[in-house]
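Participant: Residues per chain, in single letters:
Protein chains: 4
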Amino acid sequence: MACIGRNGHNPWVVYRVGIINVTGFAGMEAARLLWNHPLAKLTAITGRSLAGQRLGDAFPHLAVYGDTPITAEIEGEVDLVMSALPTAASAEACLPFVRQGIPVIDIAADFRLKDPAAFKEWFGQPHAAPELLASAVYGLPELNREAIRGARLVANPGCYPAASILALAPAVAAGLVAGTFIVDAKSGISGAGRGSGGSFGYSEVNEDVSAYKIGKHNHQPEIAQELAALREAPAPKVTFVPHLVPMTRGIHATCYAPLVRGVTDAEVMAIYRDFYADAPFTRVSAKPPHTKHTLGNNMCLVHPAIDERNGMLVAIGVLDNLVKGAAGQAIENMNLMLGLPQTSGLDLPAVYP
Amino acid sequence: MACIGRNGHNPWVVYRVGIINVTGFAGMEAARLLWNHPLAKLTAITGRSLAGQRLGDAFPHLAVYGDTPITAEIEGEVDLVMSALPTAASAEACLPFVRQGIPVIDIAADFRLKDPAAFKEWFGQPHAAPELLASAVYGLPELNREAIRGARLVANPGCYPAASILALAPAVAAGLVAGTFIVDAKSGISGAGRGSGGSFGYSEVNEDVSAYKIGKHNHQPEIAQELAALREAPAPKVTFVPHLVPMTRGIHATCYAPLVRGVTDAEVMAIYRDFYADAPFTRVSAKPPHTKHTLGNNMCLVHPAIDERNGMLVAIGVLDNLVKGAAGQAIENMNLMLGLPQTSGLDLPAVYP
Amino acid sequence: MACIGRNGHNPWVVYRVGIINVTGFAGMEAARLLWNHPLAKLTAITGRSLAGQRLGDAFPHLAVYGDTPITAEIEGEVDLVMSALPTAASAEACLPFVRQGIPVIDIAADFRLKDPAAFKEWFGQPHAAPELLASAVYGLPELNREAIRGARLVANPGCYPAASILALAPAVAAGLVAGTFIVDAKSGISGAGRGSGGSFGYSEVNEDVSAYKIGKHNHQPEIAQELAALREAPAPKVTFVPHLVPMTRGIHATCYAPLVRGVTDAEVMAIYRDFYADAPFTRVSAKPPHTKHTLGNNMCLVHPAIDERNGMLVAIGVLDNLVKGAAGQAIENMNLMLGLPQTSGLDLPAVYP
Amino acid sequence: MACIGRNGHNPWVVYRVGIINVTGFAGMEAARLLWNHPLAKLTAITGRSLAGQRLGDAFPHLAVYGDTPITAEIEGEVDLVMSALPTAASAEACLPFVRQGIPVIDIAADFRLKDPAAFKEWFGQPHAAPELLASAVYGLPELNREAIRGARLVANPGCYPAASILALAPAVAAGLVAGTFIVDAKSGISGAGRGSGGSFGYSEVNEDVSAYKIGKHNHQPEIAQELAALREAPAPKVTFVPHLVPMTRGIHATCYAPLVRGVTDAEVMAIYRDFYADAPFTRVSAKPPHTKHTLGNNMCLVHPAIDERNGMLVAIGVLDNLVKGAAGQAIENMNLMLGLPQTSGLDLPAVYP
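Residue numbers (numbering that gives the first Met the number 0), protein chains in the order written: chain A, 0 to 352; chain B, 0 to 352; chain C, 0 to 352; chain D, 0 to 352.
Treat the hints as calculated values from the structure; they're not laboratory data. Heads up, some of the hints might be wrong.
A pair counts as met if it fits within one copy or between any two copies, since identical chains are not told apart.
Cut-off 27 Å, straight-line C-alpha distance, at most; resulting in silico cross-link-like pairs (BS3-like, lysine-lysine) [said to hold, decoys possible]:
| # | residue 1 | residue 2 |
| --- | --- | --- |
| 1 | K40 | K215 |
| 2 | K119 | K212 |
| 3 | K40 | K236 |
| 4 | K286 | K113 |
| 5 | K212 | K113 |
| 6 | K212 | K286 |
As the structure is a prediction and not an experimental result, all values here were calculated from the model.
Just need the whole structure built from these sequences, with the hints factored in.
Facilitator: Rendered as structure tokens:
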């Protein structure tokens, strides 16, 4: 179940990890973060368009990997697999591993919605393996740590939902808010994926902000589902509007939720700090947080504020969409699934400025 | 009341305009836009820190102005004055001109709120000339064109309110929405002003999104006041949260307003297009608009969308904060006040990409 | 040969202009700039992929054009044609107009190099119409104004050469420098063209600088050819290295040329100011210029400096690659070819900040 | 001479490091990189303006440091000190430690130039401790690894010189080039330092390229001195022109050096690869490198190319100015001075995209 050493440096037993589709930004980022993991090693990497190339040649920022090859399929034994394929293709690629009992983390959206009908409604196609939905665990450790520890199949959260749910969860769980929530989210362009071509060309995207898929993005039901699970109460409604802003990494989710009673800023801060007291990667900030303070690391910064005049909670969550919003979250889930310390390989400052 | 020619090129009568404080971004931008105005000419320019310098030397992008001097006070006769000083200083500088009967446009916030008590609450100081508030006209021609035509003192709208009010006005006027509105606005950094120093240094602001003054920005009452004036009904509440995004120019206001009845996208589009049928600078877009499509010109692009699942109107307004959000709007108001065609000097494509 | 009025506003005779391929950035920009030309009107616009669409719909920043149609071929009579097609395709498209005696400006590279063998060497294919090369005029008015006035076919300069030649020309013409010149040029990403896809995606290009085509870019012989024409002397050698920097518009050419004798900064400044005394769009700056001070207008800022320790002239030229480096230059050439004032429609401040 | 464990995680002996002036970008970055050093621990941190604050509060991206205090002076015993103060102030702060025999790394420019007269010429003031210049070692391990191992005082290279020297050194050492070298360098804005205020405000710097201190930057003699030391031959002359480009991190040095004989690309590549065969942090790239491929890590990518037509070597060096150009280089030097593996704590992929 394990192998020896990373590059000969670490004299201990480490787990072997496979990444399916290293060629997208999430897969690449998982490779970047795994490099410094003390207890896990990337031993198999697929990427069909680049199969046969060496990882360090295909991606110069990963040159430390030297001659590690990219292959068409996962080769050799692995202790855990992460899939960074697009939704639908990902489910298909995960199934063989799930069936072999190998722990799987799906970074795509296939196993996030519990209800196959909702999947069909929002993704426009039937689910490939609805029988797995019941046992798949939504991989947000702040909410589901114990379930993730026992899971064989983890659905890694979407980048927008990770920020939004973490911003709202303490207030929802405490019964502070109810009604229709607004989630207005701003994302860096890497969320659109690698080589995303003309529409995301530098000249077009630079100096521009725009919204897209207003009320129609498939992260909307994901946010609603997870918030609803926090408290027995009428499920909150969520209106979700994503925006692209001219930066590479980062998500800033600004969430608006009507308060059901008067509270002070101090009371809300206390509720939030309690809720995340044991969460190593979600920190409650006393000031509006900056996405840049999370660039490159697995931190989510959360800030609740009260608009007293209008009885409105404004809760902000910021994170790096490729780390806590994708690959870092996957490694955090991996740590839990493999029984490792939750923070292994992720105990990193952000890159600033 | 007028002088001959701009640089000798235009053989007709033109109006003489003074700008108080050309050294900030709004003042500078007014100078840029006035250069190509066929019927008005910038004849007096103040800027205390730069008094004695030539405009074209102080600001190389305005080199076309050649040896036009910057002076400490408005010199010579002018037919209209624009003040681009900060709030409070601006009121003080405007008063002498108002008293002489010279038309004044205040680009600062001094004359926007009708209620002096509200001014004190949001700006933290008593108003300098409360007796003028009743006659000052809020300079958003889409709502107040006729009143602006007859005004001697126009309060130029704030950049955030211009985008937000234009996004919401047709729905409010039609009685489509009611309750608490959320205005989540994203601004380029030039909104923070010139030479705004450390906190807005490139290294800190680049690759960063952050919110500020949550529920506490003085544009919140301005938005609420103008929306309330559109219809006899309980005044809407507004929760306003501004954000800084890494671009120089542009505002994207995403506004959320609960619908009071079911409507279709087509019905809403028709209401919006009717409302702005005569507005030369507000265009209703069938798709989510891009701030960059307004860079450098006086256009506001508005897009209403319906989140049917939640009975929510999502109305977007985008504009260039220095043009339709400041200096261009001032010139549009100037045109109306001086009896010129509303679009004189402002009939420009945007600069794209 | 002419038509009446633009939008009914201008009561005078104007020239009819056709743009071949409005869909690229240079073509688009020509349309933007022509909008405000007092003596010319865009009456025919081609763009095969968008044929049948309205210009204002295809490009929202050009919405002022309303229902002007994009067609597959130039329709109706025109008084002048600009081609913004890629090199080779452009020559082919220009030929019919040249043969009809209609003035043509080729924004592509087809008619810049005088020597068909050089064209073949640098472009990898034979020239389509070598018989036209002798009569084609290189369209840099600072060097060739009178020839452009009489030309029927003008080769609009490349963006890099425009900045580089204008930076070096006064020193070369004065015989101040000789030997091998280094031209190290930095370009915004719009130089790579519209929809340039994966390699120029925002996430990849943002926060990145890189060089390309080192010593192999086809602008190298163009620079060398035009500098050689300035003085009877051994032709200077030019090593040209272009770089991409993360901005949309702008070129900064830093040129290094060995001095043949000692000179002071003041002497060099005087030589440069003399040389450009009559040039409306090239200004000699006493300080290192900023590309941003030319954003959106037709200005080139030039700055010569002396590194005394090493006997080296460092001459900088900056401009907006889409304006003085492409579409603005084309309109300046059009003005000269049609006998209009050189600055018609181009007398604009830059957009700053 | 050492203490136990980092945060209790690492059960081995580690060295205690002090950073003088953590509040600038270089000091901050040293703290960021030391966090993950397996054999060294940051135990003392000064920063007068922030003395009394906790590091993790002052800089949210360093929140992992928790309650580590910032003090006015280095407190407690340390095994090595890095100074990230400005030049001149840095020398003064380093002296007490040098006199105590504690190993010191000066990230400022005080101990780089060997000749006190040159220091006075380029820095405009006499040197504070000229008696130390002879024993100070220039801390570029690719050239001076053994000397650094034995040094008590290391002068950490400037960011521009690091990139430029590494780009040119193999060619100079091999005697391939001679004469006047041009170094045209492009830097991200973080090179200007933290809180650098108005001139480096986002709105002014974004979408802008400009040169500064043409032939007058104090990195020019540093580059010349180190290249001259590589080979007994007439010292090369260096014309150095730095530029600011709109990105936060990264330096791209494009160096031009006349070849003394004909060489092929392959021959040059072989010379470069040989030269850096043992250098863990300088990699020779077969293609023009991207600054972004080094963002956040200690790598320098070097690319030599030949412009055959002109007998010119074009050698490029790219790196992250805050890492290999400052704090990472300091840690690499620390590793050597303390007898640790050269790559300890620096074996990191870059952050991409």
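Participant: Determine for every hint whether it applies to the structure shown.
Facilitator: Each hint, compared with the structure:
no. : hint        : in the structure
1   : K40 - K215  : neither (38 Å within a copy, 43 Å between copies)
2   : K119 - K212 : within (17 Å within a copy, 41 Å between copies)
3   : K40 - K236  : neither (42 Å within a copy, 49 Å between copies)
4   : K286 - K113 : neither (35 Å within a copy, 32 Å between copies)
5   : K212 - K113 : within (22 Å within a copy, 38 Å between copies)
6   : K212 - K286 : between (30 Å within a copy, 10 Å between copies)
In terms of the numbered hints stated before, the structure departs from hints 1, 3 and 4, listed from lowest to highest.
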